[in-house]
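Both chains are given apart, each in its own frame, so use the hints to dock them into the complex.
For the record, the sequence lines run as chains A and B.
Numbering that gives the first Met the number 0 puts the first residue of the first sequence at 0, with every later residue one more than the last.
Numbering that gives the first Met the number 0 puts the first residue of the second sequence at 0, with every later residue one more than the last.
Just so you know, these hints were derived from the structure itself, not from any lab.
Keep in mind that a hint or two might mislead.
[Stated by the list, open to error] Partial list, derived from the structure: chain B residues whose beta carbon lies under 8 Å from chain A:
| id | residue |
| --- | --- |
| 1 | PRO1 |
| 2 | PRO18 |
| 3 | HIS20 |
| 4 | TRP21 |
| 5 | ARG67 |
| 6 | PHE68 |
| 7 | ILE69 |
| 8 | ALA70 |
| 9 | VAL92 |
| 10 | PRO257 |
Think of the CB as a built atom: it goes at the ideal place given N, C-alpha and C, for glycine as much as any other residue.
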Amino acid sequence: MTRILLVGASSAIAAACARRWAADGAQLMLVGRDADKLEAIARDLTVRGAASVSTFVLDALDTPRHAEMLAAAVHTLGTIDIALIAHGTLPNQQACQLDVSQTLRELASNATSVIALLTLLATHLEGQQHGSLAVITSVAGDRGRPSNYVYGSAKAAVSTFCEGLRPRLFKAGVSLTDIRPGFVNTPMTAGLPLPAMLVAEPDTVATRIVHGIARKRDVLYVPAFWAIILLIVRLLPRPLFKRLSC
Amino acid sequence: MPTLLSWGRHPQTPQTPTPCHWPDDLSRGLADLQRQGRTTLAYGAGLSYGDSGLAASDHVLHTIGLDRFIAADWQTGRVTAQAGVTFEQMLSVSIPRGWYLPVSPGTKYVTLGGAIANDVHGKNHHRHGTLGRHIVRLGLRRSDRAPLVCSATDETALFRATIGGLGLTGLIEWAEVKLMPIRSSRIRSVTQRFDTLDEFFALSATLDLQHEFCVSWIDCGAAGRSLGRGVYMAGDFADEGPLEVAHPRRLTMPVTPPVSLVNRATVRAFNALYWRHATRTPTVRTGSYAPFFYPLDSVLQWNRIYGPAGFQQYQCVIPEASARDGIAALLREIAASGLGSPLAVLKRCSDLASPGLLSFPMAGTTLALDFPHSDRLTHDLFPRLDAVVRNAGGRLYPAKDAHMSARDFQDSYPAWTAVEALRDPQLLSRFWQRVTR
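In isolation and in its complexed conformation, chain B is listed as follows (with noise of 0.2 Å):
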């Protein structure tokens, strides 16, 4: 049987899964498993970055094919499906009713039940905040208890602890989750380039306020006087048009190339194409959901691109008081590395609070890029990056983890012990083992 990896391919430790398609196999796997003296993790479509996803057993259950809606009210939009829904089959449901999800990560393959262990944040952040503030209830399966149903109102603690707790608190089984009505499916989009990290502070201070959805990518090869330039992205679903499920044509990257796609030269000749395309005043357009939220959806396994090695991302995120300092800090260490990758996003986060004990957005700035993996950036540049965002006092995303220290990790998510008190004993995952040490 094929093996499974994270998505960004490192660390390689290829992952034996246990196909699950039915309720009653996620008992059973987890029950042969223990029965083998091993634990294990839900593997759902693979998105995870780093190893947050893997099994420290390296045997995962694969519940990618728990794949089913359970019930709808298209009247309240209140959904209903199994952990294995992905959030592309949620909306080729929802969109022709008039729904959309009330938080959406920058692509659609991720399923729900992952969505909910990573309590995903999206573009709209600043008026929603993360998944776990629009999950009603939900389904667990434990090694050493019957199934259960956590909500705000019962078992409210396995329910905090659920909401981006890395499926380390039982198998999330199914979920029920408020949807936000849309009056089409087309985004009416603002797209600006700004030419410092000053530039990028008083635009979103001025135009999150105005727009439904920000984010914001940057040329993290820039440096000097161009330090901090990026292009800046807004949007709103518009008001009139049809409420139409996108097919954009997809394509696929084939194979792994021999090395790595990405590196000085390509991401330089990008970045600079790309930031010349926008112009400094703004354009505005109408289109398709699809392109605005899932730009790289339209390519199959984009990761094959960094070669047999893969990548790492880092996404930080830092408090507002010191975001403007940090994030300068963060963009000076990694130009003079001239590492990185063409895939480099800044986004302002609000302070609405997620149920959620160890999710990630806080009331500041967020940075995330791709790097090719190398011995480099794991012995140089990111204990550099480690050590601004530590002086600021923010912390690093476990979605997208794969080196953060034990140490930074328990100062920045102090509720990891609450956590770990309520985590399944069969269920421990390759991160959770390395940040718990």
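Here chain A stands alone, though its shape is the one from the complex (with noise of 0.2 Å):
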């Protein structure tokens, strides 16, 4: 019975996960702000054969309280076999660039308080010897752009923080994987004019996460298409992509 902790759990990426993991008889403990939303995802996983389901309400900007989660965490699993911190915001980009608090805020919520929760996850199964960490940042850290560099500048930041922790983590036998979604059609993107044919379901998303967190990867782009256009999106020549408005 694999053990499963998850932070920002009612995201649609990480509920979708949770789905899959549930099938599978695991034990999970559901991080996330909103009480009656993990309820209701806890009695879902519930009916589709997870063997318990716990959770923990906790705002990720209560850095603070941050270990007091990972106390209640070890205490109902035990050891942790997976952690996957899952929650962020989209922000709008245009706001951010008239307000400074804003871009703090959401500075915050997709990049310190991830650091934050990795520091003290890294900590805990580096002791533990053995486990799986997972975070889900995104192909807009790959390269700021015009459109999104908030957003993209505050998931660079997790992914080189990846980086860096990751042959920590790995002498200790615990994995480290980078998850990087395209678009994908949540509640999150609702409203957004994303192109149709590069936007993933949550449930295809979903099983190329688990199946790579199961084998360990470094860095998951997807879908795995994602790994090429970004790949043509950070060769492209700055003189060039400074005239992009993209």
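In structure tokens:
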């Protein structure tokens, strides 16, 4: 039985992953801001076959309470086999450009709170000498773009943090998977004018994530074709790139 | 945001969706549209064929995201789930535990909410009746009341109006359904072809009694001596075997061709081959439940084969006493028109009553077939078929309909006034607007 800690459990991608783990009889602890949503997801996962599901209400921005959350997870799950950090927001780039405090808030929810959790969980899993740590970043972190560079830079910070953390954890037998989704059809992206051809369903994305974590992959583009798109985006020469408005 | 159409892609009135993922999104969506002076309608999997799933305002609440289970008791086979849970999801959870849906239509992609709103029936109508008979309770969200629970004992009038109520009596938030036990997920089926309509009725009269699931495919192009020829299929869950969720390979119809691929020539060729492929003596085989119940689910978005104009399904039920002559008259009209498609289905329904006020089936025989949409269909063939159905005392299925007249609807569903009285004033479909004029 796999014991799984999910932070940001009510995000569409995390919930879709949780369904897969539940169907395999996993034991889960769900962490999120909204108690009612966590309860609804917990009931769903129980019917789908989870061995047991517990919940912990936490705002990820409340860094001082992170340790309390981890203690609860250890108390409930014992050993943590998989920890997935999936919380995040999609900032309004235009608004951020005109409002520093909003920019800093978005950086807190997408970067510093994630890094705080990674720090805590990495040390715990290192001590266990066992486990898979995974975090949802974004293809947007691969290169800053005018349309969403606040979001992109927050995700890039987490990805770079992971690059440095991974070798440390590797020595303790702990994997760290940096999951970089492209466009996914979730409440977070609802209302955005995304190209339909490129939008994946949470269910499809979850299949690849669950598989990738099990195989202890380092970096996972989901769906896989984004690896090629981002390779091209990264290779675009800067004199050309700055003339684009994407 | 992409807009939505109905399954038949006719009428082509694109719907603007408001995505709903949580129960409170339903109340919020209702209130937001009310403030804009708009009515609305729940849109689930979008598998209603005509305009019964389209909002009169063309603004729908897209409820496929309400896809969570709420509770399950695997001792008694009772499952409670949100309205957007599909039958596919339901089966993936229930089959390994030895339970199956008591009633299932020809596709497993329907949502629980949609299935209740249309009070769907399946190949076992002669044994289990419609889905509405197996719904224990359901939760409704209305614009004019706090969230409420309806059952055979509480809010009875609303419960009966909601089953088969075409989504008009409130947004169905969740429902509790009684499943049926199975010992294996495999189906032992018997297939046998018949040469005439009389042979169909004879086969059905004897074999329906022996089998849980029965349905017939019919060659809608055959005329004269071959009129009513087809293939009878019956099946039962096997007593022994694995309890396995099927994961068949699925193809997707990738594009909409510029013209319908279903035409006189392709239909004639397909039907002749299909009929000849079946043998006169019963062929027995045992296989997975999926190809037996849901053959069309193996090609996703198969509705695209009808081209940009879309298609219409004609489904009627003819009461027992006039069934033989009524069905024969319908088949003669269809064969003479040269329209029609390979997807034609004939099935006997029983007199098992549904609690639903607007439930479609009645004791008799139901015929369902698809037609590529054309003006000739609406102005020539359908009026002829409607006259046959009317004279035989039958009726049409709202879930499939894009054409029936207000008069036919009101004559054949006299309880519509009771549903109209209980309708949520914020909910209105294009269908309802059309047939209650």
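The hints, checked one at a time:
Proximity of PRO1 of chain B to chain A holds as hinted, the smallest CB-CB distance being about 6 Å (cut-off 8 Å). At about 5 Å, the closest approach between the beta carbon of PRO18 of chain B and any beta carbon in chain A falls short of 8 Å, and the interface hint on this residue holds. With a cut of 8 Å, the hint placing HIS20 of chain B at the interface with chain A holds, because the nearest CB-to-CB distance is about 5 Å. Hint on TRP21 of chain B holds. Least Cβ distance to chain A is approximately 7 Å, under the 8 Å limit.
At about 4 Å, the closest approach between the beta carbon of ARG67 of chain B and any beta carbon in chain A falls short of 8 Å, and the interface hint on this residue holds. Evaluation of the PHE68 of chain B hint against chain A yields a held restraint, the C-beta minimum of about 4 Å falling below 8 Å. The restraint placing ILE69 of chain B at the interface with chain A holds, with a minimum CB-CB distance near 5 Å, inside the 8 Å limit. Taking 8 Å as the C-beta contact cut-off toward chain A, the hint placing ALA70 of chain B at the interface holds, the least distance being around 6 Å.
Interface hint status for VAL92 of chain B: upheld, as the beta-carbon distance to the closest one in chain A is roughly 6 Å, under 8 Å. Against a cut-off of 8 Å between C-beta atoms, the interface hint on PRO257 of chain B is violated, since the closest Cβ of chain A lies about 20 Å away.
In this structure, the one hint that does not hold is number 10.
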